[in-house]
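**Q** Below, each chain spelled out in residue letters.
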Amino acid sequence: METRQQGSTLFSAILVLIATLVVIQLWLVAASLDALLARQTAVLVPTAVAAGTLFVVNVCLLRWVVSFDRRLRDWGSRG
Amino acid sequence: MRWREDFPVRWDEDNYMTRRELAKFLTLGSGLLASVNGLIAFIGLRREIPATPAITIATAARVPPGTSLVFHYPTADDPCILVRDRSGRFEAFSQVCTHLSCAVVHRADQQTLACPCHNGSFSSLDGRPLAGPPTRRLPRILIEQRGADLVATGIEV
Numbered sequence: 002m003e004t005r006q007q008g009s010t011l012f013s014a015i016l017v018l019i020a021t022l023v024v025i026q027l028w029l030v031a032a033s034l035d036a037l038l039a040r041q042t043a044v045l046v047p048t049a050v051a052a053g054t055l056f057v058v059n060v061c062l063l064r065w066v067v068s069f070d071r072r073l074r075d076w077g078s079r080g
Numbered sequence: 048m049r050w051r052e053d054f055p056v057r058w059d060e061d062n063y064m065t066r067r068e069l070a071k072f073l074t075l076g077s078g079l080l081a082s083v084n085g086l087i088a089f090i091g092l093r094r095e096i097p098a099t100p101a102i103t104i105a106t107a108a109r110v111p112p113g114t115s116l117v118f119h120y121p122t123a124d125d126p127c128i129l130v131r132d133r134s135g136r137f138e139a140f141s142q143v144c145t146h147l148s149c150a151v152v153h154r155a156d157q158q159t160l161a162c163p164c165h166n167g168s169f170s171s172l173d174g175r176p177l178a179g180p181p182t183r184r185l186p187r188i189l190i191e192q193r194g195a196d197l198v199a200t201g202i203e204v
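Chains A and B are the protein sequences, given in the same order. When you read off a place in the first sequence, starting at 1, and then add 1, the result is the number in the working numbering. When you read off a place in the second sequence, starting at 1, and then add 47, the result is the number in the working numbering.
Incorrect hints may appear among the rest.
[Said to hold, decoys possible] Here are some chain B residues the structure puts well away from chain A; computed CB gaps all over 10 Å:
1. Ala101
2. Val110
3. Asp132
4. Ala155
5. Asp173
6. Arg175
7. Leu189
8. Glu191
[What the hints assert, rightly or not] Selected chain B positions facing chain A (Cβ under 10 Å, derived; list incomplete):
9. Arg49
10. Arg51
11. Pro55
12. Ala70
13. Lys71
14. Ser82
15. Leu86
16. Ile87
17. Ala88
18. Phe89
19. Ile90
20. Arg94
If you are wondering where the hints come from, they were derived from the structure by calculation, not from laboratory data. Here the structure is a predicted model, which is why all the values come from computation and not from measurement. All residues carry an ideal CB built from backbone N, CA and C; glycine is no exception.
In isolation and in its complexed conformation, chain B is listed as follows (with noise of 0.2 Å):
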C-alpha cells in the first residue's frame, strides 16, 4: 500500500509523547517565548535613540506647492519625504512604510503618501494610514521655516 511506503513505521517501533510530556514540553516553549520577549525588550530598552540636530534640508524655494522633496534625517540611512501641499503648507515624513519598509511615494493628485509594494496609503497632511496593510502612521519630521531655508529639527514618532 502507499502509505506504508510513505510512513515505512512499525507499530513497535513507534514512539508516542504522553500527555505529561507535551505539557512539560509547551511549557518549556513558553519560557523559551518569555526569555525571547525579555531579550527584545532589553536591546530595545538599550538601543540608542539617534539623535536629531537641526538640519538644513532645501530653501523653500525649491518645493512649488503640490510637489515633494526626498531627504535623509537624522541620518544618510533614514530616507524621509517633504511635502508641500496646495495651500503652500511644508510636512515631511519618514519616507518607510510601516508595513514592509518600502518607500512610499507622493501623489499630490489624492494627497497622499503611496506605497507601491502593497497598495497601502497614508495622508500627506498628517501621516495617518488611509488604506491597504499599514496600521501605523508615518513618523512625522518637524519642520521649521528659517527665513528661506526649511529645517529638520526632530521626529514624532
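Chain A on its own, in the form it takes in the complex (with noise of 0.2 Å):
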C-alpha cells in the first residue's frame, strides 16, 4: 500500500470479499437445513464447519482491515 487511494480502494475490495463470504454463509445455512429436513445428516457437520471456518475468515479480515483503516485515519490527519 503505497498511497492513501490505494489503501481506499484494498478497504473496499475486502470489504465485497467479507460480504461475498456472508452471502456464501447463507447459502451453506440453506443446505444445511435442507439436508436436515431430508435427514441427510451426514452433510450437517461439514456445513458447520465450513461456515465456522468462513467466520473466522472473516472475523481475521476485519481484524486486518481494521487495523489498516487506522493507518489510513492517521495517515489522512498528517496529510
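Grab the two chains, each in its own frame, and use the hints to assemble them into the complex.
**A** Following this line, the structure appears as C-alpha cells:
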C-alpha cells in the first residue's frame, strides 16, 4: 500500500470479499436446513465446519482491515 | 417534488454508516450464520433416527402388476408407495417429494412417480429424479416377500 487511494480501494475490496463470504454462509445455512429436513445428517457437520471457517476468515479480515483503516486515518490526519 | 415527499429526510439529519461499521456488521452477521449452522448440525445429530421395524404391508396378490399401493412406514406419519411393475417386481419409495414434500403419484404407463405440484418426476424403478425441480432421489423402502406377504424392513436414504 503506497498511497491513501490504494488503501481505500483495498478496504473496499476486502469489504466486498467479506460480503461475498457472508452470502456463501447464507447458502450453507439453506443447504444444511435442506439436508436436515431430508434426514441427510452426513452433510450437516461439514457445512457447520465450513460456516465456522468462513466466520474465522471474516474475523481475520475484519481485524486486518480495521488495523490498516487506522493507518489510513492517521495518514489523513497527517496529510 | 415527489421524491421529497417520499423521502422526507434532510441532509443534515441523515445517518451514514461508515465502511468500518459495515464490515463489523457483516462479520457479526457471519458469526450469527455460523451459529445457526452449528445449531442445525446439533439438532440433526441429536434427532433420533426412527426405528425401522419389519412391518407387513400387504399381500402380493393385492397389488397386481402395473399398479401401486399407498402404505405408511415406519410410522403412521410417513406415507410410502409400493409399486409393482409389469414384470411383477416390487419396489417401494417414500411418497414425499424431495422438492417441497408433496405426495407423488404412480404413472404406470410412464413407469414414473409424478409430483403434481411442480411437475417433478421420479423413476418408479429406482426413485431417481427424472424431470422437474427435484434433485434428490426418493428414499427407497426395502421390501421382502415372505410367503404371500410383502414386508417392509428398512429405509435406504
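**Q** Determine for every hint whether it applies to the structure shown.
**A** Now for the hints, and whether the structure bears them out:
| no. | hint | verdict |
| --- | --- | --- |
| 1 | Ala101 | 20 Å, holds |
| 2 | Val110 | 27 Å, holds |
| 3 | Asp132 | 26 Å, holds |
| 4 | Ala155 | 27 Å, holds |
| 5 | Asp173 | 17 Å, holds |
| 6 | Arg175 | 15 Å, holds |
| 7 | Leu189 | 16 Å, holds |
| 8 | Glu191 | 22 Å, holds |
| 9 | Arg49 | 32 Å, violated |
| 10 | Arg51 | 31 Å, violated |
| 11 | Pro55 | 30 Å, violated |
| 12 | Ala70 | 5 Å, holds |
| 13 | Lys71 | 7 Å, holds |
| 14 | Ser82 | 9 Å, holds |
| 15 | Leu86 | 9 Å, holds |
| 16 | Ile87 | 5 Å, holds |
| 17 | Ala88 | 4 Å, holds |
| 18 | Phe89 | 8 Å, holds |
| 19 | Ile90 | 7 Å, holds |
| 20 | Arg94 | 8 Å, holds |
Checked against the numbered hints above, the structure breaks hints 9, 10, 11 and satisfies the rest.
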